[in-house]
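*Asks:* Take these sequences, add in the hints, and give me the full structure.
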Amino acid sequence: MAAPSDGAAVEMLCLRPGYGARNFVDQIEVTRAQGIPGERWQTAPWMKLPDDSPHPGIQVCILQKRVLDLVWTDRENTVHPGDTFIVDMDLSRANLPEGQLLDVGSAVLRVSEVFNDACVKWKVRYGVDAKDWITVPEHLDLRLRGILCSVETDGVIRNGDRMFKLPKD
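In the numbering used here, the protein residues as written are 1 to 169.
No wet-lab data here; the hints were simulated from the structure. All values derive from a computational prediction rather than experimental measurement.
SDA-like mimics (lysine to any residue), calculated; alpha carbons at most 20 Å apart, straight line:
#  : residue 1 : residue 2
1  : Lys165    : Gln100
2  : Lys65     : Gly160
3  : Lys65     : Met12
4  : Lys165    : Ser150
5  : Lys65     : Ala3
6  : Lys48     : Thr31
7  : Lys121    : Leu15
8  : Lys168    : Arg110
9  : Lys65     : Ser5
10 : Lys131    : Gly82
11 : Lys165    : Arg32
12 : Lys121    : Asn23
13 : Lys121    : Arg75
14 : Lys121    : Pro45
15 : Lys131    : Gly20
16 : Lys131    : Arg75
17 : Lys168    : Ser5
18 : Lys131    : Asp69
19 : Lys65     : Phe115
20 : Lys131    : Leu70
21 : Lys65     : His139
22 : Lys65     : Asp6
23 : Lys65     : Leu142
24 : Lys65     : Gly127
25 : Lys48     : Phe115
26 : Lys165    : Leu142
27 : Lys168    : Leu101
28 : Lys165    : Gly99
For each label pair, taking beta carbons as the anchor points, the in silico distance ranges come out as:
#  : residue 1 : residue 2 : range
29 : Thr78     : Gly18     : 12 to 22 Å
30 : Pro137    : Asp51     : 26 to 36 Å
31 : Pro167    : Arg75     : 36 to 46 Å
32 : Lys121    : Glu11     : 15 to 25 Å
Every residue gets a Cβ at the ideal spot worked out from N, C-alpha and C, and that includes glycine.
*Replies:* Here it is in structure tokens:
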């Protein structure tokens, strides 16, 4: 699955206002304070900090297009996984280590330390084989389920924007 290492186009921008709800839009706003305004991250995050506030490392979810194309075979009857956007880019730890800054649209995202291991909904929607493929120990560094990011700089992301790795300091 040799995807490009940089400069991938953003596809399928998706807002998740509630559980199971998907709104496909042309652009989204991202903020450090709210993640993606209107998304359930602010009101019903699946991971919280000790003070019970939403964990910033799960504000934005990015899935690799080649993985989506392999597992989401019945697009008429199966719900989209709900990732914020899709890119045809190598999301592995080797290419995008924790802390890597990503320039996308007018925003900057930071690759989170939180590992996306696919929830039970992934298994129900796409099958046990798709879930097992993601979590096989030798696949973990590939991040087949995608990456989670925090918002570093507020901005707007549009379909077709390119995602670039920013140089490390």
